[in-house]
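A.B. asks: Residue numbers (numbering that gives the first Met the number 0), protein chains in the order written: chain A, 0 to 409; chain B, 0 to 409.
Hints should not be assumed to be uniformly reliable.
What the hints assert, rightly or not - Straight-line Cα separation of at most 30 Å, BS3-like style, residue types lysine-lysine; simulated pairs: (1) B:K359 with B:K372; (2) A:K409 with A:K372; (3) B:K359 with A:K225; (4) A:K359 with B:K372; (5) B:K409 with B:K372; (6) A:K372 with A:K359.
If you are wondering where the hints come from, they were derived from the structure by calculation, not from laboratory data.
Protein chains: 2
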Amino acid sequence: MTTSVIPGPIDPPARLLMGPGPISAYPSVLRAMSAPLVGQYDPFMTAAMAETQELYRQVWATRNEATVLVDGTSRAGIEAAITSLVRPGDRVLVPIFGRFGHLLAEIAERAMAEVHTIETEWGQVFTPSAVEEAIVRVQPTLLALVQGDTSTTMNQPLGEIGEICRRHGVLFYSDATASLGGNDFEADAWGLDAATAGLQKCLGGPSGSSPITLSDRAVEVITSRKKVEAGIREPGDPSAPDFVRSNYFDLGMILDYWGPRRLNHHTEATSMLYGARECARVLLLEGRQQVIDRHRLAGDAMLAGVQGLGLEVFGDISHKMTNVVAVYIPEGVPGDAARQAMLDDFGIEIGTSFGPLHGKVWRIGTMGYNARKDAVLTTLAALEAVLRRFGASVPVGGGVDAAADLYAGK
Amino acid sequence: MTTSVIPGPIDPPARLLMGPGPISAYPSVLRAMSAPLVGQYDPFMTAAMAETQELYRQVWATRNEATVLVDGTSRAGIEAAITSLVRPGDRVLVPIFGRFGHLLAEIAERAMAEVHTIETEWGQVFTPSAVEEAIVRVQPTLLALVQGDTSTTMNQPLGEIGEICRRHGVLFYSDATASLGGNDFEADAWGLDAATAGLQKCLGGPSGSSPITLSDRAVEVITSRKKVEAGIREPGDPSAPDFVRSNYFDLGMILDYWGPRRLNHHTEATSMLYGARECARVLLLEGRQQVIDRHRLAGDAMLAGVQGLGLEVFGDISHKMTNVVAVYIPEGVPGDAARQAMLDDFGIEIGTSFGPLHGKVWRIGTMGYNARKDAVLTTLAALEAVLRRFGASVPVGGGVDAAADLYAGK
Numbered sequence: 000m001t002t003s004v005i006p007g008p009i010d011p012p013a014r015l016l017m018g019p020g021p022i023s024a025y026p027s028v029l030r031a032m033s034a035p036l037v038g039q040y041d042p043f044m045t046a047a048m049a050e051t052q053e054l055y056r057q058v059w060a061t062r063n064e065a066t067v068l069v070d071g072t073s074r075a076g077i078e079a080a081i082t083s084l085v086r087p088g089d090r091v092l093v094p095i096f097g098r099f100g101h102l103l104a105e106i107a108e109r110a111m112a113e114v115h116t117i118e119t120e121w122g123q124v125f126t127p128s129a130v131e132e133a134i135v136r137v138q139p140t141l142l143a144l145v146q147g148d149t150s151t152t153m154n155q156p157l158g159e160i161g162e163i164c165r166r167h168g169v170l171f172y173s174d175a176t177a178s179l180g181g182n183d184f185e186a187d188a189w190g191l192d193a194a195t196a197g198l199q200k201c202l203g204g205p206s207g208s209s210p211i212t213l214s215d216r217a218v219e220v221i222t223s224r225k226k227v228e229a230g231i232r233e234p235g236d237p238s239a240p241d242f243v244r245s246n247y248f249d250l251g252m253i254l255d256y257w258g259p260r261r262l263n264h265h266t267e268a269t270s271m272l273y274g275a276r277e278c279a280r281v282l283l284l285e286g287r288q289q290v291i292d293r294h295r296l297a298g299d300a301m302l303a304g305v306q307g308l309g310l311e312v313f314g315d316i317s318h319k320m321t322n323v324v325a326v327y328i329p330e331g332v333p334g335d336a337a338r339q340a341m342l343d344d345f346g347i348e349i350g351t352s353f354g355p356l357h358g359k360v361w362r363i364g365t366m367g368y369n370a371r372k373d374a375v376l377t378t379l380a381a382l383e384a385v386l387r388r389f390g391a392s393v394p395v396g397g398g399v400d401a402a403a404d405l406y407a408g409k
Numbered sequence: 000m001t002t003s004v005i006p007g008p009i010d011p012p013a014r015l016l017m018g019p020g021p022i023s024a025y026p027s028v029l030r031a032m033s034a035p036l037v038g039q040y041d042p043f044m045t046a047a048m049a050e051t052q053e054l055y056r057q058v059w060a061t062r063n064e065a066t067v068l069v070d071g072t073s074r075a076g077i078e079a080a081i082t083s084l085v086r087p088g089d090r091v092l093v094p095i096f097g098r099f100g101h102l103l104a105e106i107a108e109r110a111m112a113e114v115h116t117i118e119t120e121w122g123q124v125f126t127p128s129a130v131e132e133a134i135v136r137v138q139p140t141l142l143a144l145v146q147g148d149t150s151t152t153m154n155q156p157l158g159e160i161g162e163i164c165r166r167h168g169v170l171f172y173s174d175a176t177a178s179l180g181g182n183d184f185e186a187d188a189w190g191l192d193a194a195t196a197g198l199q200k201c202l203g204g205p206s207g208s209s210p211i212t213l214s215d216r217a218v219e220v221i222t223s224r225k226k227v228e229a230g231i232r233e234p235g236d237p238s239a240p241d242f243v244r245s246n247y248f249d250l251g252m253i254l255d256y257w258g259p260r261r262l263n264h265h266t267e268a269t270s271m272l273y274g275a276r277e278c279a280r281v282l283l284l285e286g287r288q289q290v291i292d293r294h295r296l297a298g299d300a301m302l303a304g305v306q307g308l309g310l311e312v313f314g315d316i317s318h319k320m321t322n323v324v325a326v327y328i329p330e331g332v333p334g335d336a337a338r339q340a341m342l343d344d345f346g347i348e349i350g351t352s353f354g355p356l357h358g359k360v361w362r363i364g365t366m367g368y369n370a371r372k373d374a375v376l377t378t379l380a381a382l383e384a385v386l387r388r389f390g391a392s393v394p395v396g397g398g399v400d401a402a403a404d405l406y407a408g409k
């Protein structure tokens, strides 16, 4: 081994993260991340876990006892939900309206499900009747539907889907990673059986912890597949033949760890727990509806701003998430070089996109801590300057004026 | 929903964590955890990822290009290694000498492997010839062997196992969660094909990130099962029929994300990356061998101390890890109440154990930041006081004197 020079302490540059996420965390969340550790079964730790569960019940708008964190990034929560709810060979229906629909389908395929998909054009959402028609045709065990797909900025309405699923005896799962906290989400009122998220979008924290909530119906399915780990198994503990094909993502074991039995599974990621707890805490201190309204206001201002700069917005605006907007990169402007100039010259990050939209649109987010007037106006001022330096013809002050007017209620 | 009272900011009590882990993190690791976030593809972020890879190559003593982090707790790394290396039906051999051997077997079973185990009494380790005999008999694809099993405190010698595996065409995987950083580990010299760890033991960080390193031979197996995710797949991208039955733990995709192609997979857990980087940084600044020596000294002092208190040590001391010791709970002393008194009256955590040892031994750790003289002596002074208050007859000053003498070189 050649011993290389050891780098200095981590010292990130100043960044205003206005992309599709991750975004700049709330300062108090960063402070929580550095709190001292305690033991796994310290009464303080188990109390902090219980508090976190109760906080997320409020964030999700649910009474579900089974409301916990999965230790991993948002797709860890997705995989835990799908792998625990779906037996090999079960039919899963995934309506796809962007990249993350493809991800749900892929995860279900890896879980050995029989995956059926319906697709709509990127930039659109599904009507409830389109979903119901597919449910009737496919007769799935599980409907897996993204709420907000950051790849297209669309927000799939979920309000009527739960009732449809219930009527047809289908479990209803939604991933709300991109949307939770900045858009309406009503786990119980909408009839969700499972929902997952991440911290790095509207919740204003770092990636690495995935909030999840499960209805009693979902817990029943999961419990029927329960297996207690060899090495801590006691006589009488169950070991179902159709056990979940993952130890880490077996929600039955994860619930036993968070539940009163506190059966050892993983060692809870203490710092991420502290961060997740603080994300929910700042949200609820401000007020759940107030935070959604703040996201809507910032999103409307950013939308007015980019339109004020003469940029064309991608997709069906009436179904856009509050917290992100996609704009076509103007003809003649090199998309990646302009993004780089935003970062290098202004310290502001905006995003590109995936698949059919790669290189065609930029995505600009207004999420969590950064769903703020100063963040919106600063981004628009910088974007105007960068567009002009790359030769685009943009109205002087067009972005800032439109956004500031909207904030002023004009 | 009844809206409950919103708790205050996280404010953990003072704790000296002297159990089997998690342990108190290095202060600089906690500071790193609160550094501001940057974007996923920010040049600063990709540079921090590359630095972290290079730091862990030194920690693992390897030249493996494929040295990365898995975003999850230590068992996430274990599941990623086993699930990516083992095809359904492959034979896996797991020598079990404690709880975590059972865990490796369980994870391999969930990955649909044909699992074969050999077991030895808790408190012992395997001879190379016992492992070789089983390899010859089972003809496995993979040998999965824990290095340090915290449940028994034993440190399985690995030095000769790699050569045996190579000779029989077997992939060699070891989990070093409990041991890495505090005990010798030589990934290349010992012929490891895969090794995994966690931060919450000798590396002195929080749980939630799992360092992993993979030999070229392991990467070949993983690459042969490669599948690029739908939604970001391009023409010509592979999609092997025997793909890994997990998206999150598909090391082929994780390597593509960490590698030059930087193919989007999860969103790297930024704060955990900062923490993992700092864990390796403080270790290498002090010096890899120096840190192991510090663990050995603290472990020897704690061993002398508990023996000086008249406690009987569990297991084969000649194969004990440096960083944890198990002692029989003295006759007449209520084990859990005494541990509780250590915590409540002195703010010091020591551990219980699992399975056959549950309620019979305490486990006392000296790891990472807490592999320090003051931590050792304080723990022994408190333990003496607690034992006496619970009616045990203990030599006055016997623990502190023995440990202090050892530190003084007497």
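A.B. asks: Decide, hint by hint, whether the structure agrees.
C.D. replies: Here's how the hints hold up against the structure:
Taking the CA atoms of K359 (chain B) and K372 (chain B), the gap is about 27 Å. The hint holds against a cut of 30 Å. A C-alpha spacing of about 15 Å is found between K409 (chain A) and K372 (chain A), which places the hinted pair at or below 30 Å, so the restraint holds. Restraint check for K359 (chain B) and K225 (chain A): the C-alpha separation of about 28 Å stays at or below 30 Å, so the hint holds. A threshold of 30 Å between alpha carbons decides the hint, and for K359 (chain A) with K372 (chain B) the separation of about 60 Å lies outside it, so the pair is violated.
This hinted pair checks out: K409 (chain B) and K372 (chain B) have alpha carbons roughly 15 Å apart, not beyond 30 Å. Distance restraint check for K372 (chain A) and K359 (chain A): the Cα-Cα separation of roughly 27 Å lies within the 30 Å cut-off, and the hinted pair is therefore satisfied.
Of the numbered hints given earlier, the model fails hint 4 alone.
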